[in-house]
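**Student:** Residue numbers (the working numbering), protein chains in the order written: chain A, 51 to 337; chain B, 707 to 864.
Simulated from the structure, these hints should not be mistaken for lab results.
Since we're looking at a predicted model, the values are computed, not measured.
The beta carbon of each residue, even a glycine, is placed where N, CA and C say it ideally should be.
Keep in mind that the hints are not guaranteed to be accurate.
[Claimed, not checked] Where chain B lies over chain A, by a calculated footprint (3+ residues, C-beta under 8 Å):
1) 79 to 89
2) 310 to 316
[Unchecked claim] Calculated cross-link-like contacts (lysine to any residue; reagent style SDA-like; alpha-carbon spacing at most 25 Å):
3) A:K100 x A:V180
4) B:K849 x B:Q740
5) A:K307 x B:D752
6) B:K762 x A:A101
7) B:K762 x A:R106
[To be verified] Not close to chain B: a few residues of chain A, all C-beta gaps over 10 Å, as computed:
8) S122
9) A219
10) T296
11) K327
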Amino acid sequence: MRYEVPESLEEAVALLSRAGSGACVLAGGTDLLVQLRSEAIAPDLIVDIKAIAEVRQIVFTGGCFRIGAAVSGAELGEHPTLRKAWPGVVEATELIGSTQIQGRATLGGNLCNASPAADSAVALVAAGAVASVVGPDGHREVPAEDVGVGPGQTSLEKGEIVVSLTLPARPRYSGDAYLRFTPRTEMDIAVVGAGVNVTLDEAGRCAEARVALGAVAERILLAREAADALVGTSLDAAALERLSATASAACRPIDDKRGTRAFRLSVAGVLARRAAKTALERARGPR
Amino acid sequence: MTRLHVSATINGDPVEFLCEPEQTLLDVLRDELQLTGSKEGCSSGDCGACSVTLDKRLVCACLVLGAEVEGHSVETIEGMAKGNKLHPLQQRFLEHAALQCGVCTPGFLVAARALLETNPDPTERDVRYWLAGNLCRCTGYDKIVRAVLEAASDIRAR
Chain A
51 MRYEVPESLE EAVALLSRAG SGACVLAGGT DLLVQLRSEA IAPDLIVDIK AIAEVRQIVF
111 TGGCFRIGAA VSGAELGEHP TLRKAWPGVV EATELIGSTQ IQGRATLGGN LCNASPAADS
171 AVALVAAGAV ASVVGPDGHR EVPAEDVGVG PGQTSLEKGE IVVSLTLPAR PRYSGDAYLR
231 FTPRTEMDIA VVGAGVNVTL DEAGRCAEAR VALGAVAERI LLAREAADAL VGTSLDAAAL
291 ERLSATASAA CRPIDDKRGT RAFRLSVAGV LARRAAKTAL ERARGPR
Chain B
707 MTRLHVSATI NGDPVEFLCE PEQTLLDVLR DELQLTGSKE GCSSGDCGAC SVTLDKRLVC
767 ACLVLGAEVE GHSVETIEGM AKGNKLHPLQ QRFLEHAALQ CGVCTPGFLV AARALLETNP
827 DPTERDVRYW LAGNLCRCTG YDKIVRAVLE AASDIRAR
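Let the sequences and hints guide you as you build the complete structure.
**Tutor:** Structure follows, in structure tokens:
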């Protein structure tokens, strides 16, 4: 195995493109090193992207936060203004692992590891985040929900790297929230996760909504019908009830050691409703 | 296989070592540098026995490649006592018998020091959440938490 630390995206893409399928991108390493150690993967080449400036920065530009793919959870949580604009994204990221994991784990890694249960990735999908991807054929923008397509599988082509995640400009009266169910309060993987992002109009009615669900299908779901249940309403009890029902209906979960299909269907609706209530409070609150 | 040449700062001292690309920082500390205070528990980032700081940030050494520390600064349990003088955390761990078998202890101490450097006056809840990634299978958590809180108080009083 070779280890390379390119200092530019061009160099990183060239290394990955030449190496073929036996190459892995290293960001925080919290998934990759576990896979290496367990011999789940045996790459010929590891490309550590952390020396590339673009992937390490959080930039606020044109009303949008652009978060480098290799920014750690701890760095995200310490950012002075990001949490105020996107508390759901920051809190979801902080749920991942321990203090030690937070020091290393990255948004880009959580997205590209492509676990359907990835906490920060569910919140990114709800937020409407867009991944900036570079590869041998140049640059493209990929909605966060289209990056992971199955357990451990992404839509990225050979040689492509996620450089950053851009969160859209935040209108006034916007709020997001992410909740998950785990048997333990810490150090666990979501049995179900739900992210909700809403924007209200001046009259307090829901103008825009996005609902994302984790650990209830082979990939993270953007539940459009669940979001439609909120748009145009004041997020009253009836709207939340429809949200709950449509969120559950969007799921296609499996039975596994963490939870049964029936449990996940039920909990998805409950968490979507609770996350929507928190997102609503945040949208109404002072910004 | 070509070994990689790495220069880093470990416990304040400039250190150079050779490592295989596959070797973790924990492998390097224990097998190349004979710094065996950091323990190997799970090798998957779940137990915290290999906790060290990398550029002041608490990490699991088993989830860092040795090659990644090129140009960076690592602090391990070996840098905690100053000669024969124990760090207040070490002193309080002894007084409270906050250890039984001792395998988790270096990780707890390094993690607790990182907590007190960012939050000198933590609540019990702060301590418990911060240390959630450090497992003690002798179930000594209460004594550990009390030792950390008292050491925090000692450091604030200095």
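**Student:** Compare the structure with each hint and give your call.
**Tutor:** Do the hints match the structure? See the list:
no., hint, verdict
1, 79 to 89, "holds (count 7)"
2, 310 to 316, "violated (count 0)"
3, A:K100 x A:V180, "holds, 20 Å"
4, B:K849 x B:Q740, "violated, 30 Å"
5, A:K307 x B:D752, "holds, 19 Å"
6, B:K762 x A:A101, "holds, 18 Å"
7, B:K762 x A:R106, "holds, 17 Å"
8, S122, "violated, 8 Å"
9, A219, "holds, 31 Å"
10, T296, "holds, 34 Å"
11, K327, "holds, 24 Å"
The structure does not agree with the numbered hints 2, 4, 8 stated previously, though it agrees with the rest.
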